[in-house]
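Assemble the complex: chain A is given as a structure, and chains B, C and D must be docked to it using the hints.
There are 4 protein chains.
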Amino acid sequence: MFGAGRIGKIHAANLARHPKARLRYVVDVHDAAAAELARTHGARVASAEQALADPAVNAVVIGSSTDTHADLIQRSALAGKAIFCEKPVDLDIGRAHACADTIARTGVACMIGFQRRFDPTFRALKQRLDAGEIGAPEVLLITSRDPGPPPLDYIARSGGVFKDMLIHDFDIFRWILGAEAVSVYATGAAPEFAEIAAAGDLTTAAVTLRTRDGALCQINTSRRAAYGYDQRFEVLGSRGLLQAGNQRPTEVVAWSAQAISQDTPEAFFLERYRAAYALEIEHFFDGLSQGTPLHPNIDDGIKALELAELATRSWREGRALDCSI
Amino acid sequence: MFGAGRIGKIHAANLARHPKARLRYVVDVHDAAAAELARTHGARVASAEQALADPAVNAVVIGSSTDTHADLIQRSALAGKAIFCEKPVDLDIGRAHACADTIARTGVACMIGFQRRFDPTFRALKQRLDAGEIGAPEVLLITSRDPGPPPLDYIARSGGVFKDMLIHDFDIFRWILGAEAVSVYATGAAPEFAEIAAAGDLTTAAVTLRTRDGALCQINTSRRAAYGYDQRFEVLGSRGLLQAGNQRPTEVVAWSAQAISQDTPEAFFLERYRAAYALEIEHFFDGLSQGTPLHPNIDDGIKALELAELATRSWREGRALDCSI
Amino acid sequence: MFGAGRIGKIHAANLARHPKARLRYVVDVHDAAAAELARTHGARVASAEQALADPAVNAVVIGSSTDTHADLIQRSALAGKAIFCEKPVDLDIGRAHACADTIARTGVACMIGFQRRFDPTFRALKQRLDAGEIGAPEVLLITSRDPGPPPLDYIARSGGVFKDMLIHDFDIFRWILGAEAVSVYATGAAPEFAEIAAAGDLTTAAVTLRTRDGALCQINTSRRAAYGYDQRFEVLGSRGLLQAGNQRPTEVVAWSAQAISQDTPEAFFLERYRAAYALEIEHFFDGLSQGTPLHPNIDDGIKALELAELATRSWREGRALDCSI
Amino acid sequence: MFGAGRIGKIHAANLARHPKARLRYVVDVHDAAAAELARTHGARVASAEQALADPAVNAVVIGSSTDTHADLIQRSALAGKAIFCEKPVDLDIGRAHACADTIARTGVACMIGFQRRFDPTFRALKQRLDAGEIGAPEVLLITSRDPGPPPLDYIARSGGVFKDMLIHDFDIFRWILGAEAVSVYATGAAPEFAEIAAAGDLTTAAVTLRTRDGALCQINTSRRAAYGYDQRFEVLGSRGLLQAGNQRPTEVVAWSAQAISQDTPEAFFLERYRAAYALEIEHFFDGLSQGTPLHPNIDDGIKALELAELATRSWREGRALDCSI
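Residue numbers (the UniProt record's numbering), protein chains in the order written: chain A, 1 to 325; chain B, 1 to 325; chain C, 1 to 325; chain D, 1 to 325.
Here chain A stands alone, though its shape is the one from the complex (with noise of 0.2 angstroms):
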């Protein structure tokens, strides 16, 4: 496991339970982190160096920070790991090219975090849709909102609003509309966040995307929305609509003189994604046990990054791309 931070925990956890894990080694730069998360498993602390050695680790959970993915995936890779990878796979298009360059040459198993294509609500919409409930998906929108900003620091690192948050949704968008886009286009403000403003980023934003098929996707986002954390999703077919809601932690309903009023959604994505980040750690090792496939992917993680990038220039440059050649 390298990191041993909020989601080097929740994946720790998760592949304890996991009947054909077991956590050997934490891997963070912070000794302190490292050694609880070691100890909370019966696992021990080690250096990269140390982990990626040891013949008897057949696979590793990538969740440090960003700036450290592709370095890790590289040298996993060629010590013949397979891997876990929480998405982003980098922050530069190049440098995850040569990350999938050498997955493909190294032939190891690789799967990136999209931890939203294993939430329960999404995976049933998409299991309907398949199963042609709705015929041909024609409209997807997408409403993807955190509870209140990250600090500046962060967001000045962060890539920018389209390869932090919505990287996510170009994800939902190409696994909903199973087909790759032939147009994007994004605007953006930052209204009342004149600091984020300056650093160069956005806090709310519209994307537009068009398959080849001509199936349109609304993406908006909001790095804050008074009321929590809100991730939902529709499609509109041609026999139908199935949209995606948010999970309440209670369901309870209170009647008062002025309204009817239930729980604001889950607050954030630890509590919205709890089942999915389970779940996806499940695939994982259920997939390297039993050698069928990984999905999400590095290309599905390269293709996100890539309509991140694309949405960034879009917005940046005030024009639709197009992105079909």
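Calculated from the structure, these hints are not laboratory results. It cannot be assumed that every hint is accurate.
[As the list claims (entries may be wrong)] Calculated pairs, DSSO-like style, for lysine-lysine (alpha carbon to alpha carbon, straight line, at most 27 angstroms):
(1) D:Lys-20 to D:Lys-9
(2) B:Lys-20 to C:Lys-9
(3) A:Lys-9 to D:Lys-20
(4) A:Lys-20 to D:Lys-20
(5) A:Lys-20 to D:Lys-126
Below, chains B, C and D alone, put in the same frame as chain A:
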């Protein structure tokens, strides 16, 4: 009353209920329709000339076919009559401007039939937004879908999906955000509708608008929602979200072994906007009898038409258009 | 039209819209109210004698105070007029039976104003139940709550909560299950309403009914639901569940940092049952003009009254009552 | 751990996750089941004697069949072990009282497995009620329906629907209202289930309870809800209403030409109360390690059982029972 068709009947019935209004003449090229509507409300059939020449007529309601609007507006204005006219003013911007000039010169009151502003749900949302409930609006999402495409010959005369259907949504955009667009981007397709595509029109479209203040608007539409007429929008503000949903014919909920299910939305615009049609006519005659301003007025009609024209161009040219100049 | 009060105005306006009906006389002890209602609909003020003596009068609508119902039913029947009478027939079972006898003897048509049977939601549920959608009904739950208690002097004359409020729910029970009760149990309280308790009445009550076939019904009521007028029921059948919910004034949904909220239900019965009042009057005049049977009839009025009386006794005596004999 | 069946496995897995708990022995008459559960959690198979004789065992979890509960409670208490016991204490009130006496005499901690008190939705509602959000509770409505009846031989041993199913709801009544019943009325039927009727049991039941303060409670149940497991309740207070709804497996909403539909509720109690089972075991071991009181305790178990017995008698005798004495 000009026009004794579907919408003419509705306006006439609403007019008949207003304490300050009396229907005097019905004008329609179809004699039988005119006669029947006149009989229902104790009015007489007349030609446009006769009706406009009668000094006892203070106001006209124009609900005849789109190609007659501009001419009737001009003649009614010159005859000094107050005017309620169904959207659009005209499919041609030039003729619409000429109407506005005549209205301005003659000083007659003129209201355009964007009835959605009078829908109880939409109006309540607008009032709560204006009262500051969610702070400044940042993102507006509009879903506007018809249950099925109209006949091909209608489509050919309709001016296309942006002028025919989305003109209402452009008005919603301007009304809800209280601002004008500085950029427009539109794309669309006609999947499974080769004849509509051949006629130069679309069945699905996605439009993105941006205001000077950076508020974003995404509109999605379809000429064929298998489940019925779908009219929703939502506004994200700095302090929360307001959504306007569909109405259902009944509040029956059925729990079966397969699903928990509710009614689909009201079937089409006559059902969905029944209250709105009544309230807009009430607003028109209240305004006339009290001397208060009428909204939406002919400038609103022209602004929505201009956005429809820009969206059509954006789609045809495959690029975002700057409309701030 | 007997009665020019709140409900009289509603009936008169609905009557005025029916193509086969014309309002000829308004009768009310309050001259001014009678005069105003008569003027609105082009009718005349008259005494009961005058109105009933006019052979041009074919039907009467009784919307005057409860204590006048029985007398007006008797006199109208003897005068050969068809009768629409607001619930209840009378607070006294003996007098109600005498009315039924006169109706039977004179053969006039008579309909009782249990308007809830005409509520679009309730009616749609009933049709789906009758169509077999959920199999045989086994459990019926009725929630029936007023927004606030009426004045104490009204309560004193009301016959108590079972005859005043729940009589409607007893009719719903009989109509939905299509069966009669074999046992009745009622209990209740008047928490925080010492004066109502002192007047011998309740503010909350719980009633249980059982049919010969073993279908169960639970009714709960309150004279004070802080959030408004609450009128719901649900039927569990062998193959599923059907619920009838409240209506909301608008379909606005607000997402704040605290909650996701919707409108409370329509404020009170005039708003909630607006459509039902129109449809019951339409049913009455349609039935008269077409010679088809009227429902609910005076027997329905008496059966509901008998259940209200049994429930009152059950509560007072603190025991379940057998009503199968 | 006594019992290695369905519920035993759940408790064992939850126990295994608690930092202060370790599973030492599994006791079950089915050797293979005991062995497998023991192996899963690194425990050993033992007889009751062996397990209770081990001084290293501080606590027992009783999840074996109902007829073993009382004996195991007695022996565990005498052995000085803290006890978590599934509901019911026993089907016989006398034996249950004997258990309570032994618990009192030995002073061991004892918690009864009314897991619904730990359901996140129910618990949140209770907290909001206690915080005064809706004022004093006046009416409690409980819907408690199973997806289908158990095998006939289970029903014969179950103590009947009131002790088998509604015992949970009697506990909810006492917990939510924080008061005891002064009267009980129950009725029921077994439509379409002649064999269950012949076995002296019911498939539908309706219970009414009243507290000294006049709060009313209606419980309705069914052994066969075609749409699944239905667990809802609502509390009307002087200032509003709180409802606790079902959970759905996913938040997918489908719009078809026929209906707008959602998932039916979680299939049955293992799914619906998954979180509750985890939280009650956490509460048990937290309480033991911190020395804080355990709820619900054996008195709660007895009080619910007494209400179940009274309801059974009320139904059999066809009359309301006074239980205030």
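Cross-check of the supplied hints:
no.	hint	result
1	D:Lys-20 to D:Lys-9	holds (19 angstroms)
2	B:Lys-20 to C:Lys-9	holds (20 angstroms)
3	A:Lys-9 to D:Lys-20	holds (20 angstroms)
4	A:Lys-20 to D:Lys-20	holds (26 angstroms)
5	A:Lys-20 to D:Lys-126	violated (41 angstroms)
When held up to the earlier numbered hints, the structure conflicts with hint 5 and nothing else.
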